Amino acid sequence: MVAIKVTGLSKTFTKGKKALNSLDLQIDKGEMVALIGASGSGKSTLIRHISGLMKSDSDNSKIEVLDQTIQENGKLGRGVRSARSDVGVVFQQFNLVNRLSVLTNVLIGLLGQIPRWRGTLGLFTRAEKMIAMKALARVGIDNLAEQRSSTLSGGQQQRAAIARAITQGAEVILADEPIASLDPSSARKVMDTLENVNKEDGVTVLVSLHQVDYALRYCPRTIAMRNGEIIFDGDSKRLTPKLLEQLYGDDSLELLGSEQQEEPVVTSLPEQAVA
Amino acid sequence: MSNLSETQKSIEIPAHDLKRSIGSLVMWAVFFALLAMSWEGADMRPWDLIENAENMSQFASGFFPPDMSQWKMYVEEIWITIQIAIWGTALSIVCSIPFGILCSENIVPWWVYQPVRRLMDAARAINEMVFAMLFVVAVGLGPFAGVLALWIHTTGVLAKLFSEAVEAIDPSPVEGIRATGATGLQEVIFGVIPQVLPLWISYSLYRFESNVRSATVLGIVGAGGIGMVLWENIRGFYYAETAAVIILIIISVSLLDVLSQRLRKMVI
Numbered sequence: 001m002v003a004i005k006v007t008g009l010s011k012t013f014t015k016g017k018k019a020l021n022s023l024d025l026q027i028d029k030g031e032m033v034a035l036i037g038a039s040g041s042g043k044s045t046l047i048r049h050i051s052g053l054m055k056s057d058s059d060n061s062k063i064e065v066l067d068q069t070i071q072e073n074g075k076l077g078r079g080v081r082s083a084r085s086d087v088g089v090v091f092q093q094f095n096l097v098n099r100l101s102v103l104t105n106v107l108i109g110l111l112g113q114i115p116r117w118r119g120t121l122g123l124f125t126r127a128e129k130m131i132a133m134k135a136l137a138r139v140g141i142d143n144l145a146e147q148r149s150s151t152l153s154g155g156q157q158q159r160a161a162i163a164r165a166i167t168q169g170a171e172v173i174l175a176d177e178p179i180a181s182l183d184p185s186s187a188r189k190v191m192d193t194l195e196n197v198n199k200e201d202g203v204t205v206l207v208s209l210h211q212v213d214y215a216l217r218y219c220p221r222t223i224a225m226r227n228g229e230i231i232f233d234g235d236s237k238r239l240t241p242k243l244l245e246q247l248y249g250d251d252s253l254e255l256l257g258s259e260q261q262e263e264p265v266v267t268s269l270p271e272q273a274v275a
Numbered sequence: 001m002s003n004l005s006e007t008q009k010s011i012e013i014p015a016h017d018l019k020r021s022i023g024s025l026v027m028w029a030v031f032f033a034l035l036a037m038s039w040e041g042a043d044m045r046p047w048d049l050i051e052n053a054e055n056m057s058q059f060a061s062g063f064f065p066p067d068m069s070q071w072k073m074y075v076e077e078i079w080i081t082i083q084i085a086i087w088g089t090a091l092s093i094v095c096s097i098p099f100g101i102l103c104s105e106n107i108v109p110w111w112v113y114q115p116v117r118r119l120m121d122a123a124r125a126i127n128e129m130v131f132a133m134l135f136v137v138a139v140g141l142g143p144f145a146g147v148l149a150l151w152i153h154t155t156g157v158l159a160k161l162f163s164e165a166v167e168a169i170d171p172s173p174v175e176g177i178r179a180t181g182a183t184g185l186q187e188v189i190f191g192v193i194p195q196v197l198p199l200w201i202s203y204s205l206y207r208f209e210s211n212v213r214s215a216t217v218l219g220i221v222g223a224g225g226i227g228m229v230l231w232e233n234i235r236g237f238y239y240a241e242t243a244a245v246i247i248l249i250i251i252s253v254s255l256l257d258v259l260s261q262r263l264r265k266m267v268i
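Which chain is which? The protein sequence lines are H and U, in order. Those letters in the first sequence? Residues 1 to 275, by this note's numbering. Those letters in the second sequence? Residues 1 to 268, by this note's numbering.
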């Protein structure tokens with residue numbers, strides 16, 4: 001069964017420059033797919049379109065998730081709110097509400113499913129709180145449930161965001177650069193959690209990554225983007241450094257390995273002045 | 001070392017921008033012209049202060065020593081004044097929450113926030129005293145008219161301050177909530193309000209302080225509180241009593257300022 005189906009998706013921000021150029025994409029249920037590309041290649045834009053947070057150009061395009069229309073020809077589908085509740089989104093900046101407790105942040109995942117008035121008043125039942133606590137236990141931070149989410153480290157916040165998606169009962173998780181602002185060990189924990197949700201619950205995961213090595217380690221399938229177009233879609237193992245260089249040219253350095261990334265290569269002008 | 005001297009050579013102090021310095025001269029000229037122009041209209045007579053110094057010192061001496069014999073009544077009236085401010089502020093906070101959100105351009109479309117903003121402008125543009133005079137006619141003399149006056153005016157002020165806080169929020173948590181399939185109202189309750197709450201509380205406490213100050217004069221137009229006593233004393237040339245009332249007002253306003261500052265520190 002198809003989880004995500006994108007046809008003819010285009011997006012233009014400034015005239016004449018397409019951020020997404022007539023994209024077609026299909027992801028089956030239960031897949032774990034990496035989306036790679038240098039910054040500015042359109043990864044985030046694509047994910048924001050699939051989650052219905054951004055509207056496409058008004059030409060012949062359609063995005064369906066789990067057979068529900070998210071948007072068609074630049075207009076959000078009628079059932080977009082119920083469709084959104086089946087899709088968990090994990091963001092680079094976590095997008096938790098800082099001043100609320102971790103538990104409340106996770107309970108927000110239930111808003112799309114419980115009666116509106118109860119959600120609006122923030123009245124959650126014991127059973128619902130239990131669901132949220134179980135999700136927190138699963139990502140390994142149930143001991144932090146009562147703390148304000150701003151007191152958590154980046155990796156913990158990202159796991160709380162995943163717990164929110166689990167609580168949401170999402171069948172599809174879209175993760176937009178979930179590890180881009182994390183240190184390597186937190187990044188691994190977050191990717192492990194996503195992998196776990198994919199393997200055990202059969203949740204379809206589409207995760208955009210800056211670095212190819214994570215894609216190789218966690219995702220059987222990789223989609224590579226450049227300038228708003230898909231330039232590779234297939235088995236991650238085929239993504240050798242050689243192929244990457246063919247695909248990206250000089251930009252391939254940016255995508256290769258997190259370890260090289262940590263050392264700044266660029267020599268800036270002020271440093272020269274000091275020397 | 002050669003590198004260093006080279007960079008030093010290339011450094012230059014930016015030349016005076018003639019356009020900008022003329023611009024600032026013009027600005028100052030306009031400013032002083034405005035002051036000079038307003039001299040007559042404002043009936044400025046500074047030398048009168050010196051000429052009439054003796055009269056004034058005589059007038060001032062009438063205030064001393066303050067006559068505290070009726071302090072109990074004064075304190076009671078001040079307490080009523082504070083109660084007027086409490087109710088006026090509380091009602092306006094309740095109204096400013098929805099109005100403040102409806103004034104925010106990052107939450108509602110322009111055809112909602114434009115009319116609501118104009119409505120709030122109107123509430124804010126008219127002074128409490130004017131509202132108080134109108135409400136005295138409508139609901140009769142007494143504190144209730146004062147409460148209504150503070151309510152309307154403060155709603156106009158707080159709604160603007162509240163909406164400014166809302167417009168400065170970080171949109172990403174709200175997006176995170178939208179992505180879970182929440183309704184627009186739920187986005188506001190869970191995503192917006194937690195972010196702005198400390199500022200809102202701080203603004204509300206500040207408005208409460210200033211409402212206590214405003215309420216001390218509402219009595220002059222018959223809207224209850226210590227202002228009525230103050231006005232009667234001034235009109236009757238009872239300057240010793242007036243001094244006593246003024247001293248008590250200063251004490252209570254300072255006490256409330258200290259108290260609300262403490263409270264504000266606690267929430268932020």
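In short, the hints are calculated from the structure, not lab data. On a predicted model such as this, the values are computed, not experimentally measured, just so you know. Don't be surprised by glycine CBs; every beta carbon is placed ideally from N, CA and C. Watch out, some of these pointers could steer you wrong.
[Unchecked claim] To give an idea of the chain H side of the interface with chain U (calculated C-beta under 10 Å), a few residues:
hint, residue
1, Gly52
2, Gln93
3, Gln113
4, Arg116
5, Gly119
6, Gln168
7, Arg238
8, Thr240
9, Leu243
[Said to hold, decoys possible] Straight-line Cα separation of at most 20 Å, DMTMM-like style, residue types lysine to aspartate or glutamate; simulated pairs:
hint, chain 1, residue 1, chain 2, residue 2
10, H, Lys237, H, Glu254
11, H, Lys75, U, Glu175
12, H, Lys129, H, Glu146
13, H, Lys55, U, Asp121
14, H, Lys134, H, Asp201
15, U, Lys265, U, Glu232
[Unchecked claim] Partial list, derived from the structure: chain H residues whose beta carbon lies under 10 Å from chain U:
hint, residue
16, Ser82
17, Arg164
18, Ala170
19, Leu247
For each hint, the structure was consulted:
Annotation: Gly52(H) was flagged as interfacial toward chain U, and the flag holds, the nearest CB pair being 8 Å apart, inside 10 Å. Interface restraint check: Gln93(H) against chain U, minimum CB-CB distance 5 Å, threshold 10 Å, status holds. This hint holds: Gln113(H) has a C-beta 8 Å from the nearest C-beta of chain U, less than the 10 Å allowed. The closest approach between the C-beta of Arg116(H) and any C-beta of chain U is roughly 6 Å, which is under the 10 Å cut-off, so the hint is satisfied.
Taking 10 Å as the C-beta cut-off, the interface hint given for Gly119(H) holds, the closest approach to chain U being about 6 Å. Taking 10 Å as the C-beta contact cut-off toward chain U, the hint placing Gln168(H) at the interface holds, the least distance being around 5 Å. Look at Arg238(H): its Cβ only gets to about 32 Å from chain U, farther than 10 Å, so that hint breaks. A distance limit of 10 Å between C-beta atoms decides the matter here; for Thr240(H) the minimum to chain U is near 35 Å, and the interface restraint is violated.
Annotation: Leu243(H) was flagged as interfacial toward chain U, and the flag is violated, the nearest CB pair being 34 Å apart, outside 10 Å. Distance check on the hinted pair: Lys237(H) and Glu254(H) sit about 19 Å apart at the alpha-carbon level, within 20 Å; holds. A threshold of 20 Å between alpha carbons decides the hint, and for Lys75(H) with Glu175(U) the separation of about 18 Å falls inside it, so the pair holds. Note on Lys129(H) and Glu146(H): the hinted pairing holds, with a Cα-Cα distance of about 12 Å set against a maximum of 20 Å.
Among the hinted pairs, Lys55(H) with Asp121(U) is inconsistent with the structure: their alpha-carbon atoms are about 35 Å apart, more than 20 Å. Restraint check for Lys134(H) and Asp201(H): the C-alpha separation of about 14 Å stays at or below 20 Å, so the hint holds. Between Lys265(U) and Glu232(U) the CA atoms are separated by roughly 39 Å; this puts the pair beyond 20 Å, and the hint is violated. A cut of 10 Å between beta carbons decides the hint on Ser82(H): the least distance to chain U is about 6 Å, and the hint holds.
For Arg164(H), the interface hint holds, since its Cβ comes within 10 Å of a Cβ in chain U; the closest pair sits about 7 Å apart. Taking 10 Å as the C-beta contact cut-off toward chain U, the hint placing Ala170(H) at the interface holds, the least distance being around 9 Å. The beta carbon of Leu247(H) comes no nearer than 30 Å to any beta carbon in chain U, farther than 10 Å, and the hint placing it at the interface is violated.
In this structure, the hints that do not hold are numbers 7, 8, 9, 13, 15 and 19, in rising order.
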